[in-house]
Every structure is written in C-alpha cells, then in structure tokens.
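K.L.:
Each chain, letter by letter, is given below.
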Amino acid sequence: MDLINNLMLGFGVAFTFQNLAYAFGGALLGTLIGVLPGLGPVATIAMLLPSIYALDATPALIMLAGIYYGAQYGGSTTAILINVPGESSSVVTAIDGYQMARKGRAGAALAAAGLGSFFAGCVGTIIIAAFAPPLTELAFKFGPAEYFSLMVLGLIGAVVLASGSLVKAICMILLGLLLGQINTDVISGVPRYSFDIPELTDGIGFVAIAMGVFGFGEIITNLGQPAENREVFTKDVKGLWPTVADFKQAFPAVLRGTALGSLLGVLPGGGALLASFAAYTVEKKMTMKPGEVPFGKGNIRGVAGPESANNAGAQTSFIPMLTLGIPPNAVMALMVGAMTIKGIQPGPQVMTSNPELFWGLIASMWVGNAMLVVLNLPLIGIWIKLLTVPYRFLFPAIMVFCSIGLYTLNNNAFDVYMGAGFAVVGYAFYKLGCEPAPLLLGFILGPMMEENLRRALLLSRGDWTTFMTRPLSAGLLIAATLMIVVVMLPSIKKKREVAFQEE
Amino acid sequence: MKIKSEKDFWSGLMFILVGVAFAWGATTYSFGSSARPGPAYFPFGLGVLMAILGSMVLFKALTFEVEGGDKIGPWAWKPLIMITATVAIFGWTLPHLGMVVSLPILVVVAALAGDEFHWKDALINAAILTIGSWFIFIWGLKLTIPLWPSFLAG
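From first to last, the protein sequence lines stand for chains R and Y.
Residue 503 is where the first sequence ends in the working numbering, and the numbering goes up by one at each step.
Residue 154 is where the second sequence ends in the working numbering, and the numbering goes up by one at each step.
By construction, these hints were calculated from the structure, which means they are not laboratory data.
You may find that some hints are simply not true.
[Stated by the list, open to error] Once the Cα atoms are required to be at most 20 Å apart in a straight line, the calculated DMTMM-like pairs of lysine to aspartate or glutamate come out as:
#1 Y/LYS2 to Y/GLU65
#2 R/LYS431 to Y/GLU6
#3 Y/LYS4 to Y/ASP70
#4 R/LYS248 to R/GLU199
#5 R/LYS431 to Y/ASP70
#6 Y/LYS60 to Y/ASP70
#7 R/LYS342 to R/GLU356
#8 R/LYS141 to R/GLU435
#9 Y/LYS60 to R/GLU435
#10 Y/LYS2 to Y/GLU67
#11 R/LYS431 to Y/ASP121
#12 Y/LYS4 to Y/ASP115
#13 R/LYS297 to R/GLU435
#14 Y/LYS71 to Y/GLU6
#15 Y/LYS71 to R/GLU435
[What the hints assert, rightly or not] To give an idea of the chain R side of the interface with chain Y (calculated C-beta under 7 Å), a few residues:
#16 LEU174
#17 LEU177
#18 LEU178
#19 ASN183
#20 ASP185
#21 VAL186
#22 VAL190
#23 ILE219
#24 GLY224
#25 LYS297
#26 VAL400
#27 ALA423
#28 TYR430
#29 LYS431
#30 ARG461
[What the hints assert, rightly or not] Some chain R residues close to chain Y (C-beta under 7 Å, calculated; not the full set):
#31 PRO191
#32 TYR193
#33 LEU394
#34 ALA397
#35 VAL416
#36 TYR417
#37 GLY419
A quick note: this is a predicted structure, and the numbers were derived from the prediction, not measured.
Every residue gets a Cβ at the ideal spot worked out from N, C-alpha and C, and that includes glycine.
Assemble the whole structure, with the sequences as input and the hints as a guide.
P.N.:
In structure tokens form, the structure reads like this:
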C-alpha cells in the first residue's frame, strides 16, 4: 500500500540520528518560547531563518516544524498557569485551565492538555499522510465568501463563550475588528488610523494587546483587590495526575476536538485558532453529566477539547502549505520562506520531487509530538512549583518576561509603550465588566475578514446576496444565526447566566 | 433619567464614542462602492454597527433595573499608575541604560505597587530575575538586547 510505503520512507528519514536531534532541539526550543509569554514561534523562526543556510533542507524544516508545535504546547502551559495565553490558539484554554490551576488541579489540566495534544498529533499525522489530496479538494471549494462566513461563525462562537451581556460581547468583537483596522490597507496601500506614526502602519502587535490586557491588566486588577480575595491559587495541590473520572470525561472531548481540529486546520487562515474556539463551543453544548464542574469554573473538557483541536489543527494546517504552497498562517509563511531559501519550490510537486523531504517531515511530526510528551509530563511538577511562589515575587517576574518579550518583538520600545497603554485599557475593561477574549479574536481575524469580504464583493460585483446564494457560505451563516438565536432563548439565557455567575 | 447599571452605562458610552470615532476617521479614506470596496468600506461599517450596538447597551443601562446598580466601584489608582508607568519607564530605560539597570528598576518599582513590599525581597527578586533574563534571553536565545548602558558600551 502506498500509505504504508510512504510512511516507511518517512520514518526512515526521521529516525536518523541527525534528524532526531533536530526534532528534539526544535521541540525543546518551541516549548521554551511557548512558555515565555510574548516570544512566539513567528519571532523565533524569523530569527532562526538565517541559521538554516548551513543546514540541509530536511533537518532545517524538521527543526522549524518542531518549534511550531512545541510552541503550541508551551503556549497552553502559560495559559493554564498564569492565565496569559502564550499563543493565540490557547486563548480558550485559559478559561477553564486557569480555573483548574486556581483550584489546585494544574497538574490534571497540564496532563490533559499534553496527552490530548499527543493523541491529536498522532491522528493529525496519519490524516496528513492519508487524506492530503482529498482534503485539498475541500479547501479548493472555499472562496472568499465562504471564508468570510466561516469567520463570522467563528466570532459568533466566541460570543457564546463570553460571560455577561451578549450585546457587550459582540461590541468587544467589533472593537477588536476595528483595532485590527489600524494598519496599511492591503488592497490600496493606504495607511489607516496611523496618525503618521510609522510603527502603527504595520498594525498593533497581537502580543502588545494580549500582554497589556491579559498580563499587565490582570496584575493591576489583582493588586487593586485586598490581599485576601486576590486571584491566587489554593495551596493544596491535588495530585499531579488526572483521576480516572477525569480521563473518562476528557477522552470523548479529546476525540471530538481532534476530529474538529483536523477538519478546520486544513482551511487557510488561523486553522488552529478557529479549531480551538469551535471545540470549546462544542464542548459547552454537550449535556453536562451530573456532578460535573460547570464551564468557566475549571471543567477538564474545556481544556482537553480545545487543546486537542488546536494541535490537530496545527498539524493539518501543513496540508495547504505542503500540497498547494499556500501558507495558512504566519508560521507557515516563514516555512515557505525557508523552503525557498533551500531552493525548493513549495507546491504540489514537492510530494513527487522531494519525497524524502515530504514524508520525512510528516513522520518527524509524530516523532516531535512523542518527544513533547516525554519532555513535558515530567516537567509538570516543575511548572506547578512555580505556582507556590508568593504573588509578590510572581508578578514582577511576569512583568519582566512580558516587558522583555514586548521589546524583542521588533527590538523597539514602541511595542512596550503599546503594552503599557493596553494595560490601562485592560483594567478599564475589567472595571466595566467587558470580557476581553472576544476582542483578541476579532483583532486577529479582522484583517483576514476584511480582505475576504472585499474580495467576495469584488467577485460578485457588489452583490451582498453572494453570501446567501453560495450554499457553503449560506450554511455557515445560518449556523451562526442559529447560535445567536439559541443563546437568546430565555431558558438557555438563564442557564448561561447561572453558569457564568461570579463566585 | 437615572443610571440603572453603571458598568453598562459607561461601556455603552465607550462603544458609541469609539465606534463614531472610527467611522468618522474612515471618512478621510476612499469609501469605494460595494462592487469595488475602498479602504474605508469595512471600518466605516464596523464603526457604525458598534455605535448602534453601544446605544443598545446604553439604553438598557438606563431602563432596566439591576440589583445593586452594577456599581463600578473605586479604581485602584496606585497599582494602575505604577504598573503602567513602570512598563513605560522600562521602554525608555532598556535601549538607553541596558538590562543591568532597567530590569532592577522595573522589578523594584513594580514591587512598590503591591501592598506587601519588603526591600530585601524586592532586591533579591531583582537580582534573580536580572541574572535569569540574561541567561535566557541574551546567553541562551542570543537576542540583541542591550545589556549595559549605552554610554558604557560605547
């Protein structure tokens, strides 16, 4: 069988000593930068691009891929431990993961994230190997109208997540979308809302907003409260491992997350991100078992589902890059850049012209995932030790990492000032009872959404009905509308308010 | 007219103001047409939509009674100003004075914002974090972060 032969070839390449070493190095470095808030895989891969001149194409790409999924994993660690999502795709992990950590169940949360990710990674690897061609066909069917509708659905899904008023949550999404408009218009090249500040013509950094609002803003909020009801962790840490009951709850969530993530990852445009949000929404819609912790209070399914989904999505997002040469996100764009540096033209011909690279990369994804579990499960104990550090030591440390991270984004103090500004904004949001997570999502999807909207309108000659006449797009929009209607239904509205009520 | 929910009143006002500001700002760019949307098309629509939804929030805040009035409560001015200022100061001191000076300032001033400040703890913390950051960022990751003040490194 082709699949077996191809995978054999791949594993033959992946299991050479040199490639194993690079996969390990990449995964380790990726975890480290993922744990450090603000230092993302994009920045790291960009910094490392010059150094791969000296390497062969296969080990170079294996290492870069290792950094990518290592960072996905490490990002969820900070989301769980200090409520600062290291990567955009772990924003939802923070919701329940951080609550679990506060209740002394950080170990269970980290293990669920790790094992779920590993399972999803294994499945993702097989899917890439088996379904790359047919999945590519599906992605072909997506035009700009479909992408726009998909993003609408994703954003509405995020609203269902937010606590409190639905209208306020939609407003926060819009605010995020608007902040994303501060950039240079892709189509006409006009700088917008930049007030002649050169740094603003490139747009506000995602990291500046995330760190300002979630990092600094949270510190201000905590310090503003009397020491006794501060958001700190319970001292009694209940076991490093998930219980049998945890496994029973988490496993179906892992399966659902993996399936969803594998599908959504193929779509260009933040596959892992949409996947984790969609998975969280799905988990919340599932009926609760008696005695289960409500969502937003530390439900293990709220960690396992999205984490599996974003790992599966991260994995399958290689499909459009490897088969079409279209990078679905910034990291993949850099991977394409790295391939070009090595003289390989990304596209459908890679599979046939460089089979050992193609299948070696796929096999090393599995190897890298296995290494991550080996690397991270023993480290859980160390991460948990971090939580017992008193807050007066912890918050200056968070500030140090965030501030240095902000500076190193562009080696420029401007991002640090932006972070300081968003600290004030973040505290204001807290005071006004506005949930910041939807804002972040809107901000990330904003530019993509605009581009697709404008392209869709261009293609339909200004006819807005194009979103409803194309069946796939119509289906996605109807799903989004249904979600709003369902949330607005009085009976569910009441339940949702109860579920989100403050302690 | 009485404010029934303070939080919603002010957030509604914020959404309206920001929405109007973005929509108004968009008028300086070319709007285009639906068949050929210009750079102002999307932000203008978003801004207007946000202002409309913001007025809904505002309207609700003025009409529906909320238990306890949804008060905003006192602002934590001390941490707000100190944390923000610390970060901003760091933005200036790092490129000029290097990590060796700017990090201890960051750590000590940030610690002052808390209510359990001890000089000894803050100084120990500053030393550990400065050495640790040097180890991770400069030695380990080889990032180009200035270590010493620029007039010394010359």
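K.L.:
Determine for every hint whether it applies to the structure shown.
P.N.:
Quick rundown of the hints versus the structure:
no.: 1; hint: Y/LYS2 to Y/GLU65; result: holds, 10 Å
no.: 2; hint: R/LYS431 to Y/GLU6; result: holds, 10 Å
no.: 3; hint: Y/LYS4 to Y/ASP70; result: holds, 8 Å
no.: 4; hint: R/LYS248 to R/GLU199; result: violated, 50 Å
no.: 5; hint: R/LYS431 to Y/ASP70; result: holds, 10 Å
no.: 6; hint: Y/LYS60 to Y/ASP70; result: holds, 12 Å
no.: 7; hint: R/LYS342 to R/GLU356; result: holds, 15 Å
no.: 8; hint: R/LYS141 to R/GLU435; result: violated, 35 Å
no.: 9; hint: Y/LYS60 to R/GLU435; result: holds, 18 Å
no.: 10; hint: Y/LYS2 to Y/GLU67; result: holds, 14 Å
no.: 11; hint: R/LYS431 to Y/ASP121; result: violated, 30 Å
no.: 12; hint: Y/LYS4 to Y/ASP115; result: violated, 34 Å
no.: 13; hint: R/LYS297 to R/GLU435; result: holds, 15 Å
no.: 14; hint: Y/LYS71 to Y/GLU6; result: holds, 5 Å
no.: 15; hint: Y/LYS71 to R/GLU435; result: holds, 17 Å
no.: 16; hint: LEU174; result: holds, 4 Å
no.: 17; hint: LEU177; result: holds, 5 Å
no.: 18; hint: LEU178; result: holds, 5 Å
no.: 19; hint: ASN183; result: violated, 10 Å
no.: 20; hint: ASP185; result: holds, 4 Å
no.: 21; hint: VAL186; result: violated, 9 Å
no.: 22; hint: VAL190; result: holds, 5 Å
no.: 23; hint: ILE219; result: holds, 6 Å
no.: 24; hint: GLY224; result: holds, 3 Å
no.: 25; hint: LYS297; result: violated, 22 Å
no.: 26; hint: VAL400; result: holds, 5 Å
no.: 27; hint: ALA423; result: holds, 5 Å
no.: 28; hint: TYR430; result: violated, 10 Å
no.: 29; hint: LYS431; result: holds, 5 Å
no.: 30; hint: ARG461; result: holds, 5 Å
no.: 31; hint: PRO191; result: violated, 9 Å
no.: 32; hint: TYR193; result: holds, 6 Å
no.: 33; hint: LEU394; result: violated, 10 Å
no.: 34; hint: ALA397; result: holds, 6 Å
no.: 35; hint: VAL416; result: holds, 3 Å
no.: 36; hint: TYR417; result: holds, 5 Å
no.: 37; hint: GLY419; result: holds, 6 Å
In summary, the structure is inconsistent with hints 4, 8, 11, 12, 19, 21, 25, 28, 31, 33 from the numbered list given earlier, while agreeing with the others.
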